[in-house]
Each structure stands twice: as structure tokens, then as C-alpha cells.
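Engineer: Chains as they are written, first to last, in this note's numbering: chain L, 11 to 497; chain W, 11 to 497.
None of these hints come from the bench; they were simulated from the model. The structure displayed is predicted, hence computed values, not measured ones. Cβ coordinates follow ideal geometry from the N, Cα and C atoms, glycine included. There may be inaccurate statements among the hints.
DEER-style ranges, computed between Cβ atoms [claimed, not checked]:
1. L:Thr396 with W:Asp198: 50 to 56 Å
2. W:Glu317 with L:Asp287: 54 to 60 Å
3. W:Glu317 with L:Pro486: 53 to 59 Å
4. L:Arg422 with W:Ala328: 45 to 51 Å
5. L:Arg472 with W:Ser342: 36 to 42 Å
If the Cβ cut is set under 8 Å, some of the chain W residues that face chain L in the computed set are [what the hints assert, rightly or not]:
6. Val43
7. Ser46
8. Ile49
9. Pro51
10. Glu74
11. Ala76
12. Glu100
13. Ala102
14. Gly108
Chain L stretches covered by chain W per the calculated footprint, using a threshold of three residues with CB under 8 Å from any CB of chain W [stated by the list, open to error]:
15. 33-44
16. 70-82
17. 102-108
18. 150-163
19. 197-203
2 protein chains.
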Amino acid sequence: MADDKSLTPRSEDFASWYNEVVLKAELADYSPVRGSMVIRPWGYGIWENMQQALDRMFKETGHENAYFPLLIPMSFIQKEKDHIEGFAPELAVVTEAGGKVLEEPLVIRPTSETIIYHMYAKWVQSYRDLPILMNQWANVMRWELRTRLFLRTAEFLWQEGHTAHATADEAEAETLGILQIYRTFMEDWICMPPITGLKTESEKFAGAVRSYACEALMQDNKALQAGTSHFLGQNFSKQFDLKFQSEEGREEYAYNTSWGVSTRLIGGMVMTHGDDDGLIVPPRLAPTQVVIVPITRGDDTRSAVLEKVDEVAGRLRAAGVRVKVDGRDHLSPGAKFYEWERKGVPYRLEIGPKDLEKGSVALARRVRPEGAKRKEFVPEEEAIETLPARLEAFQDELRETARARREENTVRGVGSIGELAEAFEAGAGFVYTGWNGDPAVEEQVKEATKATSRVIPSEEFRSPRVPERCVSGDGPAAMEVVWARAY
Amino acid sequence: MADDKSLTPRSEDFASWYNEVVLKAELADYSPVRGSMVIRPWGYGIWENMQQALDRMFKETGHENAYFPLLIPMSFIQKEKDHIEGFAPELAVVTEAGGKVLEEPLVIRPTSETIIYHMYAKWVQSYRDLPILMNQWANVMRWELRTRLFLRTAEFLWQEGHTAHATADEAEAETLGILQIYRTFMEDWICMPPITGLKTESEKFAGAVRSYACEALMQDNKALQAGTSHFLGQNFSKQFDLKFQSEEGREEYAYNTSWGVSTRLIGGMVMTHGDDDGLIVPPRLAPTQVVIVPITRGDDTRSAVLEKVDEVAGRLRAAGVRVKVDGRDHLSPGAKFYEWERKGVPYRLEIGPKDLEKGSVALARRVRPEGAKRKEFVPEEEAIETLPARLEAFQDELRETARARREENTVRGVGSIGELAEAFEAGAGFVYTGWNGDPAVEEQVKEATKATSRVIPSEEFRSPRVPERCVSGDGPAAMEVVWARAY
Chain L
11 MADDKSLTPR SEDFASWYNE VVLKAELADY SPVRGSMVIR PWGYGIWENM
61 QQALDRMFKE TGHENAYFPL LIPMSFIQKE KDHIEGFAPE LAVVTEAGGK
111 VLEEPLVIRP TSETIIYHMY AKWVQSYRDL PILMNQWANV MRWELRTRLF
161 LRTAEFLWQE GHTAHATADE AEAETLGILQ IYRTFMEDWI CMPPITGLKT
211 ESEKFAGAVR SYACEALMQD NKALQAGTSH FLGQNFSKQF DLKFQSEEGR
261 EEYAYNTSWG VSTRLIGGMV MTHGDDDGLI VPPRLAPTQV VIVPITRGDD
311 TRSAVLEKVD EVAGRLRAAG VRVKVDGRDH LSPGAKFYEW ERKGVPYRLE
361 IGPKDLEKGS VALARRVRPE GAKRKEFVPE EEAIETLPAR LEAFQDELRE
411 TARARREENT VRGVGSIGEL AEAFEAGAGF VYTGWNGDPA VEEQVKEATK
461 ATSRVIPSEE FRSPRVPERC VSGDGPAAME VVWARAY
Chain W
11 MADDKSLTPR SEDFASWYNE VVLKAELADY SPVRGSMVIR PWGYGIWENM
61 QQALDRMFKE TGHENAYFPL LIPMSFIQKE KDHIEGFAPE LAVVTEAGGK
111 VLEEPLVIRP TSETIIYHMY AKWVQSYRDL PILMNQWANV MRWELRTRLF
161 LRTAEFLWQE GHTAHATADE AEAETLGILQ IYRTFMEDWI CMPPITGLKT
211 ESEKFAGAVR SYACEALMQD NKALQAGTSH FLGQNFSKQF DLKFQSEEGR
261 EEYAYNTSWG VSTRLIGGMV MTHGDDDGLI VPPRLAPTQV VIVPITRGDD
311 TRSAVLEKVD EVAGRLRAAG VRVKVDGRDH LSPGAKFYEW ERKGVPYRLE
361 IGPKDLEKGS VALARRVRPE GAKRKEFVPE EEAIETLPAR LEAFQDELRE
411 TARARREENT VRGVGSIGEL AEAFEAGAGF VYTGWNGDPA VEEQVKEATK
461 ATSRVIPSEE FRSPRVPERC VSGDGPAAME VVWARAY
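Pulled out of the complex, with its shape left as it was, chain L reads as follows:
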């Protein structure tokens, strides 16, 4: 770790830079429990803003929230063959409770398909009881060997949607509808425009028929799987006896979907926007969008400055801006500037005795166009009136910068595994190639490049001319696939 004041530059060691930003911006801290972290108020405030935005999108599309038990009987997890294979190595198990050894061990949910579809089976009799469109905000536990703050922790917070439908078509439409919601959310709120598509068989969720994902490209050109939406078919409904009587009077199994995003998104936000000075938080997610630092040099002007600061803060709040006044006496203005920059607050506003005289304020933007001055002196009225629009412009700029970076680091037209390896050695992000659909090719690519298949891209992300040959050289391409080294 670099000295206390500065961060390891991204170009030197991206992983160290990431950890330092998370810790020094006070997003999170290590806890005494292996693999579990503490989400501190600045990080949790960002998560609350993410939750509110997503929750609104879910509710607008007819979903309701509910809450299912943390503990799941071991026998439930074992019912779906692929599901237990996928999750068995990561389970945390409660074997004792209330002073006694339990007859059947209970696992802390790694995900809740099993217990939720067991309950749905109790509630559903007829097609009239369908669809069920539920979501829960919850903690889950996956005992990972190698953990990283936000990106891979034993316990994490997420939402998991679980739906049941009368037809496969309806369930598939739900799966894709949610994928679009995730994409829109990541673009509009996190300014982290992902590509979307279908996971290959070897990368899909344990128990799914088809998994779709949003994959975002980080500044180190590694991909982050940022959200997944699964079409589960009847895999779980058959195991949990989730049946209904159809309109025609037949007994049928329901079709399920499940989908989730987690606090991992905060890690994605850090790695999409942060710079060598620290975090940069998109305004829509920032718990504080504008910090006001009073510059109180002498006792004679102090109260006038503080009064003006409160007035400006009040007017900005009335305009819907989230404002914090940093009135701490024991810190110099410089120390405050430094702290709020590190935390990624989009705008800083300074008001001092000279500003009072001139009726102006100093505005500092967390990211500036190259060559722009550190501070802009703006008449007070203008600052108050323009700040909401400045915040939106900042949001748009972050999004477009991230989108341009993703495109600049995307490589198409690669024809062989050798070229693929060269592309990654040269620092490529997403690489598009043809693929014959054979999982053995995924193995070859992984060995040669450390990259994995991220998605078979959705139509809007497909290359204008889809490659004709498989990257392995073995026959024609059945589809296009996107490769990347990934978190």
C-alpha cells in the first residue's frame, strides 16, 4: 500500500488501487469474520440509492417484495441435481441450535430457489394464481476461498427475483424483460453500460435452462458479471411439485425464472469510474452530491459565512440536491477537499469571506475536462440554479466515457486462438469471435488466454458481420461469442 496520503496508481497495480479506494473512501472495511466485510455508511448509502431505483423498476413492472427464511433444509438444496453440484462446495452449515445438535443440518441460503418454489407450490392451485412475481432483498452466503471486497465475499447483499408462470414463453419474456431492466439500471444509474447476452452451457447458473447476463468492462479491461437473469424452465417446479391446473383443466408444472444483482455492483462502480485520486460516484447514486465547505478565516466574518452556507444548502436541498455541509472545525479546508475527493462526491462548493463580498461561490468538479481549471468562480445564483443540470451532465459524461472506453477496448475480427491470445496480451477487453458451440473450445481458449466466454451477445451487441468460422479453426461458427478475462 502507498503512503497514507496517496493511492497506488491504477497503472501500477490495479488490484491494490481497488482495495485502497474501497478502504480509504470508507465504502467498506474488513471484518474479523473470514470473507465477510462491513459496509460502512458511505458504501451503504450508495447501496440504498441503488436499491431504491431498482425497487421502483421492479414494482413498476408488477413485482412485489416478500421475505423467505435464511436457513434452508439441506435436503431442499439437494433436490435439484445441478443446483447442489454447483453450490455444495460453498455452503455454510448450521448443525447446532438452541443448545442441541439438529436432526437435519440447515444451510445458510446461497440463493433461495429451493425454499421459494416449495412455498409457491403451497400457494398455487390454478392458472389463476399465476404468474407469481416476487422479489426479496436479502443477505446470502457463499463460502468462497478467495475473497475481494464487494466483488467476492462470503456474505453479500442482493435482491433475488423469483417468478412462476403458466407458459415457457411468458417465463422467457420475464427473463429477458429483467435483463433489460438490469441493463437500463446499469446504464442510467451506475453509468456502467454493459453488454448483454446468453451464457454458454458451461457458464450458466446451476439449475438453469438458460442464463442471461450483463457484463461490464472495468478499467483494467477485465469483465465483471454484473447481473444475471435465468430461465429455469421446469427444473425446479418438478422437484418442488409446483403444479397448477391449466385453463383447459390439465395438471401442469409451472415455469420459473430467477434473477439477481448484488453489492458487487458497488465494486463495478469503483472500477468503472475511480481515478488515481480515489472514488468517483455517479451523481444519481451519491449519498452526497454536493459538499459545501465553509472557508472561515477569521472570527469577524465567520458567522456571516456560515449563515450564507446554510442558506445555499437549504436552497439546493429545495431544488432536490443532496447536500452536506462540512462544518468540522478541526480540519483545514484542504484536508476536507482531499477527503471528499477521495470519497468521490461529484461537486464541491466553497464559500468564504471574499465570495460573500463578490456574491460568488467556488465550484470544483470531481472530474474536469483536460486542461480545465481546478475551480470555477460562479455567481451564487447561477451556481444554485445550474447545479441540478450540472449533476445530470456529469452523470451523462461518466456514462459516455465508460461506453467509449468499452468500445475502444473491444476487438472484433479475430480468427484464431493464437490471435486471441495476442489480443489479450496487447490488453484487449472484450474480444468477439465465431464459435462452433463446443465447450472444448472454451477450455482451449481458457488455457491459451486465461479468458472465458462471457456471453453469446444479444442482437444489439452482435457484430455487423458475424464471423463465419469458429475461432478454434474447427469448422464453421454456429454463433458469435464474447471472450474476456473476468472477475
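With chain L's structure known, arrange chain W on it following the hints.
Structural biologist: Frame of chain L; chain W shown alone:
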């Protein structure tokens, strides 16, 4: 359980009535995991409204949300002597994770003082780092032997606030400030006016110096401990080395408080307001405040009715009312009325062909003054304009009814344990007596009456003339105390 259509009357069997209401109003359901329940969307929607209101009150008083780990090392729980004594019998223990037996068992948090103060100790160096005012919304686990939906479940949802202060006075003020927030919230939002006060030594939180509580009186005249606020002194800071350098340069231990309310409040709401037809939800908490049932008798008027219903729903929503249109085709209006009454929606609005002709709507209120007609026919405009105020009036009425019931069922001036037993046999709720402060008297009272001390009442709840003698007959009263049979 009564037949599918009706509920066991409260007068016949209050406990059965309660369970039936919770299940039939679809607030919650039993789960396959012993002692854990599923909170269904109607119940969770009420919880979300409670959360939003409380969260706002916490934030307005300077508290921030954070998130701490679910799992706590066993050694942490054991550090505070009273704490482990209180919680040991109820712990759920993770002994295996990731396919291996853990070196040190981890407990699922029954409450988070230990891990939170461990973290505060990392973050606090100087008095300038204090106070820390944090809250978390989380699930906790207490392995209870006898469970009741919402009232006592192995897993429950709650908020737990944890603060650290430089002085005892400041911590005590925080403890009492939160007690007031809880009281205000219970009165204004749940319409469940509690009494407040100090817990006796034998009833206080395991690890607290002093515990304060809100105690509400249910319709069966049993008390429900609905929220607690604890002054922890330095009990935890000394165990977790939560020290700071004071302004004078001395090293001192911080003073802590902790406080919480849980999904138990939903049980309190049910038992405060429900009637023999089902649930009654205070309008401010109701996920749906007004349900609109279209009466579509013939195809010729159907589309006109539905159009009017959408128009009225839209106008009510614009006025800030939470409206649901129940457009289900396979249910008769009567079946819908029955369902929404059982779920406790405050107002129902019916619109049919005749209403269209007359420009009126039918309004049905979930609770009516005695002798009032089931429905009121009101001009459409008037209905839309007056519904927000009607909802507020309904809220006020529920609160005043509950307050009056609490007062009617409160007995003062009881002078002996024999009289105390008679009062409870005669159905008393809260009984106020003098008490010499001896825990042996609490034991005697419990044996004779099954009642426990609920609180030493706060000043505003004390009797105008505090009794001079202890109810045991043994000497003068050191204080007044409130007894009740309790959940």
C-alpha cells in the same frame, strides 16, 4: 380453526383468531424450517412502510445506515458475561463451511453489539470521531422453543441502532431520544400508543446498564414489548477496547447505546386493531389504502365502467393515495369485498353502471361507527376530494380507539398481591402499583398472577399520586411499577 370462510371470534380464542388473521390476510405463512416464517407481500408491504417512516426519523436525527456481518465468532459473544448468559440458549451455530469444519464456530447474530463495537474500536481514536450514530436493517436469529408468527420467531427482521459517545450523559440522552422516536412512531403510524419506562433489573437486556421499553396493550389485555432502547454504559466498550482520547488528552472508554424494533410490530398492529372480520391496517401503513372494485354487470356498460375506474384511480394516485384496482374477472364483487376486508384495506370504492349514470360512487369503510350504513353513496368528485382526509381521520380514529382501550383497561390503586391477582382475574390490562424495588417481589407477583413487571413508568405515565406502599406489603414503595401478563 373455524371453517374457511369465517374466523374464530376473538372472544372465543384470541390466539387462534390471531393465527388465522395472519394466515388468511396473507401477512405470513409457516415455512418448512422450524420457527422461521415467510413474510408474504401484504405483510412485507406493511413492513416496508414501517421501515421508510422509521428510517426517515433516524436519518433526521443524524443516524446513518451500515451493514455488519451475519456471522459472529463465538468468542466475541462470550466476552460480555451477562450477554452470553442471556443469549447462549438461543444461538444457532455454524460449525462447517466450504466443506470443512471451522476452527472456531460462528454464531448467527442474535444481536450485533459485539461485532459492531469491535469495528468501532478500529475506527475511533479521538473524541473527534465521536459520536458514532449507526443503524442497520437486518435479519437476526434466536432459537426460541415456542414460536408465534411475527411475535416470536427464530429468524426475524429488525433494525438495530448502535451508538458510541464520549460521555454517559450524551449516551443516556440518545437512549431516551430513541425511546421517544419509537413512541411517536407507534402512535402516529401504527396507532398503537404504548406506555414507556425503565425495565427492572430482572427484565433488562443482557449486557445493558439500563433498558427502556415501549409496552403496548393488545386487545386480549396482554402487553407486548414493542421496542427497546438500552444504555449500555461501558460494559461493551471495555470488553472490545473501544477507547478514545478525550479533549483533555486522557484515554477513556466510550459509552454505548443500542436499540431495536422488529417485525414483531406487525403482530402488535394485528392485535391492536383486528376484528372478527380480519385485519385492519392503519392507512399510513397500508400498502393499498383504497381498493376499487368495478361492478361490471353487462357487456354493454363494461368498458365505460372500467374507463371510469381507471380515471378515478389515476386521480386518487395523483392525490397521493395508494390505490389498487381489483379487475379480476373470475371473482364476484362479493368475493373481492370479503378478501379486501379480511386484509384490512381501509377504504373500498365501488363503481358500477348505476354510479356512472348518477356520477356517484359507493364508499365502504373498513370500520364504521356503530349503526352506520355499510356503504355511503357519494358524488364522484366529493369522494376523490375527501378520500385523503378520510384516510387521515380513519388513522386518528384507530389511534384514539386504541388509546381509550388502553386507559379503560388500566387499573391503579391496587394495594396488595391478592388484589393484583383479582384485578388480572377480572381481566385487567396494565396494573400500576408501588414497589420496593426487590426482585423477590417480582417473583411473588409472577407466581400469584402470571404477570411480570413491564416498566417503571416514565414521568408522563406515572399515576397522579404514586402509591406509598409496596404491593408486597413489605415496606414503603421506592417507585411505581406497571404489571401485566405479557407476550
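Engineer: Are any of the numbered hints broken by this structure? If so, which, sorted upward?
Structural biologist: 1, 5, 19
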